[in-house]
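Protein chains: 2
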Amino acid sequence: MSGITRQLADFIATSRWNDVPQEVRHEGARAVLNWLGCAIAGCRDDTVERLLATLREFAGKPQATLLGRGERLDALSAACINGTASNRLDFDDTHLRTVIHPTVPVAAALLALAEHRPLTGAEFLHAFVLGIDAECRVGNAISPGHYEHGWHITATCGVLGAAVACGRALKIDAQRMGWALGIAATQASGLMATLGTMCKSYNMGHAARSGLASALLAANGYTSSERGLEAARGFLNVLAARSEPREITRELGLRWELMQNAYKPYPCGIVIHPVIDGCLDLRAAHRIDPVAVAKVEIAIPPLAEQLCGRKAPRDSLEGKLSLYHSAAVALLDGEAGVVQYTDARVTDPRVIAIRDRVVVSTDPALGNDQARVRISLASGVAHETFVERARGSLGRPLTDAELEAKFRSLASAELATREIDTLVEQCWSLERQPDAAVLARGSVAAGARAAESRCNSR
Amino acid sequence: MSGITRQLADFIATSRWNDVPQEVRHEGARAVLNWLGCAIAGCRDDTVERLLATLREFAGKPQATLLGRGERLDALSAACINGTASNRLDFDDTHLRTVIHPTVPVAAALLALAEHRPLTGAEFLHAFVLGIDAECRVGNAISPGHYEHGWHITATCGVLGAAVACGRALKIDAQRMGWALGIAATQASGLMATLGTMCKSYNMGHAARSGLASALLAANGYTSSERGLEAARGFLNVLAARSEPREITRELGLRWELMQNAYKPYPCGIVIHPVIDGCLDLRAAHRIDPVAVAKVEIAIPPLAEQLCGRKAPRDSLEGKLSLYHSAAVALLDGEAGVVQYTDARVTDPRVIAIRDRVVVSTDPALGNDQARVRISLASGVAHETFVERARGSLGRPLTDAELEAKFRSLASAELATREIDTLVEQCWSLERQPDAAVLARGSVAAGARAAESRCNSR
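So the sequence lines, in the order shown, correspond to chains A and B.
Position 432 of the first sequence, counted from 1, bears residue number 432 in the working numbering, the numbering being contiguous throughout.
Position 434 of the second sequence, counted from 1, bears residue number 434 in the working numbering, the numbering being contiguous throughout.
Rather than coming from a laboratory, the hints here were simulated on the basis of the structure.
Note that beta-carbon positions come from the ideal geometry of N, C-alpha and C, so glycine has one too.
Be careful, since some hints might not be right.
[What the hints assert, rightly or not] To give a feel for the contact side, a few chain A residues facing chain B, derived at Cβ under 10 Å:
#1 46
#2 59
#3 75
#4 116
#5 120
#6 239
#7 429
#8 438
Take the sequences, apply the hints, and build the full model.
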């Protein structure tokens, strides 16, 4: 009986596209659309500029596109930068059981590879779905202890997902897939201590890069442990106090973790979302004047307070992890979009004035997509609501139309409407596209693409 | 009172070369000489060839030299490949208290950087000594639990040492040094499950690359946690069940961990060394005919059995971690050098015949540099010895002359005697060299250098 690593590797290496149900394929397109919007809208953030300024000097040939921007670097560097950019806005997807943001590391690695070693849209989607599955199954096996212990689970599991997706795209056999998992496992890293700093999104970029490198090395016969996951001193035992290895292989090919994926309506920590829902609902229902708000009482589960209990965030990065800022800005602006999480908004005295009136308490009986919000006005009147299922949660998912609207809003930062129309269509029809790299090219405005092309031909 | 990370960062950023004692400077030269020999002799191993074949396609401008070989890649890729190559023979140094092999990740990153951003020999040595100190101090803080748990400690602590050395070389201030430590901490990775595979040495190369990237990012203002080591979800708490943070800052600048560094006389796991000493001593003292050996009884401490208990190694990589192969080959050949650990020797039936007569037992009373060896001959006669201090241990260190002889033997794989003479002289006088990169250039035979230069000018 072969071990868990080999069983997983066998499944990935031998999976057929016809075995992937239509609903899973469609969820793949949804995930890619959502991710691409995040990558485009995040592409000029300072976190990305500084990373590019650092890596450019060391980067190789123009093999892959920086999404939204148009510069072309070697595929490993592009994977790193696109991974970082697409997580920067905290607007990417979430596998709710593990709190993994699954698409970023997998798609950033795979699309960079697809520009260098052409893949059809179907090959891309197939590799993508398998990468997400492996990533989230390993996450299931070590949750919740691994994340609670302080591991940035999207990075630690993301490197595995990226390796699997890229290994599949490179058509490596099961033995090499096992090595790819072993090479990725030994590069698994990422500390929660970096949350609220630029380094948080870099963790994802680093995972994407390392995962792609793992697949490329394995394809070249680079050996690693063949039991990288389950070995006594392998991933599961070293990175988790307790693990349930069977989660990795149970119902392989029958149950697809991608179907447990959720898409955010707000660009901030997902545990904040029910609070924003509650504030927006109360504001609209009672036409609340933000200036008249005397007190905002919020009850949330303990995890939300742990992750997002920052009372006085200093900038955009910290604001995205602040229940206080999020509640305040939702009440003040009546929305919680990209604009509500800029440095300027986080330090705006009008936002801070309301933020200081927010009081948070924890209630272990609440689910992670639930919250109670009570708003007391200066007049003495109070309004209260219970959010049973946050928008965007599995019980109340964003529709295709809502996802498309989110994409259009995000992509408009770089692209004209006509360009967005084309890209949306290419995402929805990805399965039938002859070349998956069309997504990378289409993420860049025609003008920027032409400029980059002139630059490279010099 | 600032935290441990900041205290360490302050020390590194403000250290003066004049504060580094002469004996520490000399130990720096010894460590660099030993390391450079290992890098040269390991440079054409299959582990390196496959890594280069993979990375070359993605690598950037010719900024730094592949030691011994002469190809030039971008500094990050060169750091990765040289880090991998210099550990491949298991002949590099050891900080005995932690079993960290400290020089590989630090020197591989720093020398690659020095070719791209020139450093004097003194600046190089200063950054090197500080990097080793930070790396081993963090190792002290989490030993022995971290390593026992399954972490490849040279990689997990090596990325920190590389970041510190490169940050110092880039002359970043204390705040950015703190970020560099935070960026490195979140990239710390490496699983013991990879031992005995190509991936083992890649862990070091990956650490060197990631550490250099951390310093470059921090120099460009890339933020990370300022408490990357001691934060609740930082390096110490996440990667170790127990830690003693004060080990990191106690007697900073008064006690230098480089003085606890040892150099190997044999290219294999260091816990095997006393066994080899015992076999060689008995063989010489009693003129033992290997064919007449009926039984070899070895007593070693439990750690040695855990790490190197492989009874039937299949190749060079496994042979280097086998007490059985090592004892057999030492008895058969009367030496244990690079030649004794090739694939061919590990699978040689004559070696295997003796290997199968080796019996290992553990004795917790023995130190990690101790062993008892008893050899019974077919005639019924038996000889026994107790190795109290292995050659190359701190109690019986290799002399400068022995280190130089080791270097000459290793470097002769690529260089002519005249070239070796020059390089040895440059290592010993590194403190007075105007350009540290002379070591990288000097590691390559004149002919190979010329060929690479023609190639790059095309």
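Verification of the supplied hints:
no. : hint : in the structure
1   : 46   : holds (9 Å)
2   : 59   : holds (5 Å)
3   : 75   : holds (6 Å)
4   : 116  : holds (8 Å)
5   : 120  : violated (22 Å)
6   : 239  : holds (9 Å)
7   : 429  : violated (30 Å)
8   : 438  : violated (22 Å)
Comparing the model with each earlier hint shows violations of hints 5, 7 and 8; every other hint is respected.
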